[in-house]
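Visitor: Sequence:
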Amino acid sequence: MGDRERHRILMVCDFFYPNFGGVESHIYCLSQCLLKLGHKVVVLTHAYGNRSGVRYMTHGLRVYYIPWRPFLMQNALPTFYGTLPIMRTILVREKITLVHGHSAFSTLCHEALMHARTMGYKVVFTDHSLYGFADVGSIHMNKVLQFTLADVSQAICVSHTSKENTVLRSGLPPEKVYVVPNAVDTAMFTPAPEIPRSNDEIVIVVVSRLVYRKGADLLVEVIPEVCRLYPHVRFVVGGDGPKRVRLEEMREKHFLQDRVEMLGAIPHSRVRSVLISGHIFLNSSLTEAFCIAILEAASCGLLTVSTRVGGVPEVLPDDMVVLAEPDPVDLVRAIKKAITILPTIDPQDMHKRVKKLYDWHDVARRTEIVYDRAMKCPNQNLLERLGRYLSCGSWAGKLFCLVMIIDFLLFCLLQLVQPANDIEEVPDMVMALGEGSSAGDDIPGQSSR
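Each residue of the sequence shown is one higher than the one before, starting from 1 at the first, in my numbering.
Hint data in this document are derived by calculation from the structure and do not stem from the laboratory. Where hints are given, some of them may not hold.
Stated by the list, open to error - Below, a list of computed lysine-lysine pairs in the BS3-like style, where the Cα atoms sit at most 27 Å apart:
1) LYS253 / LYS376
2) LYS95 / LYS376
3) LYS376 / LYS40
4) LYS176 / LYS337
5) LYS40 / LYS143
6) LYS95 / LYS176
7) LYS352 / LYS336
8) LYS398 / LYS143
9) LYS398 / LYS176
10) LYS355 / LYS376
11) LYS95 / LYS40
12) LYS355 / LYS337
13) LYS398 / LYS36
14) LYS176 / LYS143
15) LYS36 / LYS253
16) LYS376 / LYS36
17) LYS356 / LYS398
18) LYS355 / LYS36
To be verified - Now the in silico label distances, taken between C-beta atoms and shown as ranges:
19) ARG308 / GLU225: 17 to 23 Å
20) ASP200 / LEU263: 52 to 58 Å
21) LEU414 / ARG308: 23 to 29 Å
From the three backbone atoms N, C-alpha and C, an ideal C-beta is built for every residue, glycine too.
Work the whole structure out from these sequences, hints included.
Guide: Right, dumping it as structure tokens:
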């Protein structure tokens, strides 16, 4: 690695493979590129079904599936202190120097960052989402985030809109928050050699979880209207969720069974094949920090129609996306415009532009800079750190201090019961990493130990 510092990184999140999503892809691709830069990367997540214990993925990426079962939306049950012993063991075994937590919605991430700071490790947090300020759920979530980030070394957001949102929610100084966008594996998402673009049919593709936040209710109103206006337009909807029932009902009500194809949940390995079957990609999200799905669609040569929410306007140039307000009428207008300009779109040219704009190796190098700055942050003792938690609120600050004091006392007890010297360290794996390989190579390929 030359003069660069070699980091030993623990990625922590509830959301990882075999679950599929934007956060899962981000962690995997970033980890692969950091491995190629010479760093050691280990992933910590909860068990998925019978997938428990230690698994190895491409290029020797070691994944700990700890025996905690998800209880709500793939999140492990919050235990506060239950994960401390296993966290400490993994940190010592792997000789970790920095802990990187992902997603404000991950309970495992919050607990890991809390324990890591108690043990004196540097921590980095990446926020992948936007959150509101008014409803009860948002107020509760923002207070949890404020607690977690009160003592974080550095933070990363995936867009400038996301950064503003995170700074307001957590009270972090803006200079401690960096913007590092997502990327796309353009080697995996390529246009079809010959796009089936006839004058007779236009296919609009939707690939999304069918939930309220992803705008599934908008689709229920938009799809029938577009089908009425354009008899030659057909929809392909990939994804599953509680709102799928509404889409099925809409399809039957308007007799669109032959024009709206419902694919259900799609494995990540099949996403490209679904995308290249269409001409336009439709994203109807009500809130997005970045939206990696429109990057994947653009990389496959599709013209994108998307709601103008969150960080979406920052993702693609104006000539590659048609934006609309999260309103059925405006979304139909945007689809009309997209159909009009569709003949001018060159899928191969769009793919080349995305390849230049978004590259996982560039994301890894920028993340590496954040790690370097985190490692230079001064170490603070417990008393100095408690002052940060006290500033979180009159009653919440005292509660947070109590939580951290108990965590510190439990850590001291573990040190007495099982000194760090008694924990066997794991030898590092030396893998030959080809520079030409892509970040997303062999995502499903894993071996069990």
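Visitor: None of the hints should be skipped; say for each whether it holds.
Guide: To see whether the hints hold, each was checked on the structure:
Distance check on the hinted pair: LYS253 and LYS376 sit about 61 Å apart at the alpha-carbon level, beyond 27 Å; violated. Proposed proximity of LYS95 and LYS376 is supported: the alpha carbons are some 18 Å apart, at most 27 Å. Between LYS376 and LYS40, the direct Cα distance comes to roughly 19 Å. Compliance with the 27 Å bound is thereby established for this hinted pair. The suggested pairing of LYS176 with LYS337 is violated, with an alpha-carbon distance near 41 Å, which exceeds 27 Å.
Restraint check: the Cα-Cα separation between LYS40 and LYS143 comes to about 33 Å, which exceeds 27 Å; the hinted pair is violated. Taking the CA atoms of LYS95 and LYS176, the gap is near 26 Å; set against the 27 Å cutoff, the hint holds. Among the hinted pairs, LYS352 with LYS336 is consistent with the structure: their alpha-carbon atoms are about 26 Å apart, no more than 27 Å. The straight-line distance between the Cα atoms of LYS398 and LYS143 is roughly 13 Å, inside the 27 Å bound, and the hint therefore holds.
Of the pairs offered as hints, the one joining LYS398 and LYS176 holds, with about 24 Å between alpha carbons and a cut-off of 27 Å not exceeded. In summary, the hint linking LYS355 to LYS376 is not supported, as the alpha carbons are separated by about 33 Å, beyond the 27 Å threshold. For the proposed pair LYS95 and LYS40, the alpha carbon gap of about 10 Å is at most 27 Å, so the pair holds. The hinted pair formed by LYS355 and LYS337 meets the criterion: a straight-line CA distance of about 25 Å does not exceed 27 Å.
Between LYS398 and LYS36, the direct Cα distance comes to roughly 44 Å. Violation of the 27 Å bound is thereby established for this hinted pair. A distance of roughly 19 Å separates the Cα atoms of LYS176 and LYS143; the hinted pair therefore holds under the 27 Å criterion. The suggested pairing of LYS36 with LYS253 is violated, with an alpha-carbon distance near 53 Å, which exceeds 27 Å. For the hint linking LYS376 to LYS36, the alpha-carbon distance of about 23 Å falls within 27 Å, and the restraint holds.
With a C-alpha separation of about 49 Å, the suggested pairing of LYS356 with LYS398 is violated against the 27 Å cut-off. Taken as a hint, the LYS355 and LYS36 pair is honoured in the structure, with Cα atoms around 19 Å apart against an allowance of 27 Å. The hint said 17 to 23 Å for the Cβ distance between ARG308 and GLU225, and at roughly 19 Å that hint holds. Distance hint check: the CB atoms of ASP200 and LEU263 are about 22 Å apart, inconsistent with the given range 52 to 58 Å.
Between LEU414 and ARG308 the beta carbons are some 50 Å apart, a value that contradicts the proposed interval 23 to 29 Å.
Checked against the numbered hints listed earlier, the structure breaks hints 1, 4, 5, 10, 13, 15, 17, 20 and 21; every other hint is satisfied.
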